[in-house]
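Input sequences plus hints: build the corresponding full structure.
The residues making up each chain are set out below.
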Amino acid sequence: MSSSIGEKCTQIKQEYDGCFNSWYSEKFLKGDATPKCDDLFFKYKECLLKTLEEKKLDTLLADARKDNPFPNSAASSASPSSGSSSESSKKN
Amino acid sequence: MKFFQTTHKFEHDWAQVTAGNWMKYPNEQCPHVIAVDVLERHVDPETGVLRTERLLTCNQNAPALVLKFLGGSTLSYVRETSELDPKTKRLTMKTQNLSMCNVLTINETVTYTVNPHDDSTTMFKQEAEIVAGSSLSRFSSYVEDFCLTRFRDNAAVGRKGFETVLEKLKVARQEAQQQLEKAQSQIEKATFQIEKAAASATASAAAAL
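Chains as they are written, first to last, in the UniProt record's numbering: chain A, 1 to 92; chain B, 1 to 209.
These are calculated hints, taken from the structure and not from any lab test.
Among these hints, one or two may not hold up.
Covered by chain B, per the in silico footprint, the following chain A stretches (three or more residues, Cβ under 8 Å) [as the list claims (entries may be wrong)]:
{"#": "1", "segment": "18–32"}
{"#": "2", "segment": "60–66"}
Restraint-style ranges between C-beta atoms, simulated for each label pair [what the hints assert, rightly or not]:
{"#": "3", "chain 1": "B", "residue 1": "Ala201", "chain 2": "A", "residue 2": "Pro35", "range": "50 to 60 Å"}
{"#": "4", "chain 1": "B", "residue 1": "Asp119", "chain 2": "A", "residue 2": "Pro35", "range": "47 to 57 Å"}
{"#": "5", "chain 1": "B", "residue 1": "Asp119", "chain 2": "A", "residue 2": "Asn21", "range": "20 to 30 Å"}
{"#": "6", "chain 1": "A", "residue 1": "Lys66", "chain 2": "B", "residue 2": "Leu180", "range": "48 to 58 Å"}
{"#": "7", "chain 1": "B", "residue 1": "Arg150", "chain 2": "A", "residue 2": "Lys8", "range": "47 to 57 Å"}
{"#": "8", "chain 1": "B", "residue 1": "Asp145", "chain 2": "A", "residue 2": "Ala62", "range": "31 to 41 Å"}
{"#": "9", "chain 1": "B", "residue 1": "Lys87", "chain 2": "A", "residue 2": "Lys56", "range": "33 to 43 Å"}
{"#": "10", "chain 1": "B", "residue 1": "Ser185", "chain 2": "A", "residue 2": "Lys8", "range": "38 to 48 Å"}
{"#": "11", "chain 1": "B", "residue 1": "Gln193", "chain 2": "A", "residue 2": "Phe42", "range": "49 to 59 Å"}
If you only want the chain B side, here are some residues facing chain A, beta carbon under 8 Å, derived [stated by the list, open to error]:
{"#": "12", "residue": "Ala19"}
{"#": "13", "residue": "Trp22"}
{"#": "14", "residue": "Tyr25"}
{"#": "15", "residue": "Pro26"}
{"#": "16", "residue": "Thr57"}
{"#": "17", "residue": "Gly72"}
{"#": "18", "residue": "Pro116"}
All residues carry an ideal CB built from backbone N, CA and C; glycine is no exception.
So, in structure tokens, the structure goes:
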């Protein structure tokens with residue numbers, strides 16, 4: 001299993017990964033999209049966001065998201081591939 | 001600007017390939033990917049599409065001149081956004097470097113789809129464009145050439161590394177199946193012995209009466 005960018009987050013991340021991998025094969029691919037790993041993901045993300053701030057990657061990420069937003073589930077439309085914009089702007 | 005495109009067929013079905021995709025790292029062929037983090041993930045309630053945003057941390061050396069041009073660090077960050085549609089069996093992943101965007105941009109799109117000629121296998125397509133600095137600069141062309149070669153090499157080991165991961169997962173599944181069959185056989189044998197002993201006990205009891 002891969003490590004996290006934040007050493008302190010690796011353990012909780014791998015717990016989340018284990019949960020997600022089982023959910024993906026045993027539930028999601030069989031038609032059941034009920035979330036099962038939200039609690040773990042919440043704990044992992046808390047740790048990850050702290051690390052991104054410490055490493056000053058949060059502003060870098062915010063800029064990248066401005067150009068290519070990652071849609072949240074409430075904002076998505078019915079068309080399937082409307083997610084992240086298909087043509088990334090070429091920055092020079 | 002440089003372009004790169006390749007296609008490949010994985011001898012595993014789409015479910016196995018996409019499941020393996022989330023477990024691709026670490027692998028020995030790609031030691032440069034040192035961390036993978038999930039930033040966001042959700043299933044679109046209307047379409048059922050799984051959307052994921054990830055951050056990949058890479059550590060990879062380069063010639064001193066290139067390294068200097070790219071800011072001096074061997075560490076780089078890549079942002080990946082993906083959409084996985086379980087109905088159409090299509091996984092599309094887009095990545096762009098997060099760091100060094102002012103000097104170098106690598107945009108990559110990868111798709112995994114079911115092979116229309118053999119649904120036990122999966123088609124993989126990878127496209128990338130690499131732009132360094134100003135397209136009029138000769139030095140930027142040198143950097144682009146270097147990055148293109150590096151990208152091509154990474155793509156090749158990336159595929160090999162993923163194949164290794166998929167094979168390991170397949171072997172693990174087969175071993176688990178064999179153990180299950182062995183346990184079932186033992187249960188059947190034990191059941192037979194119990195039934196035999198019970199029948200014998202019943203016969204003895206009947207004879208004694």
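Original post:
Which earlier hints can't be squared with this structure?
Top reply: 4, 7, 17, 18
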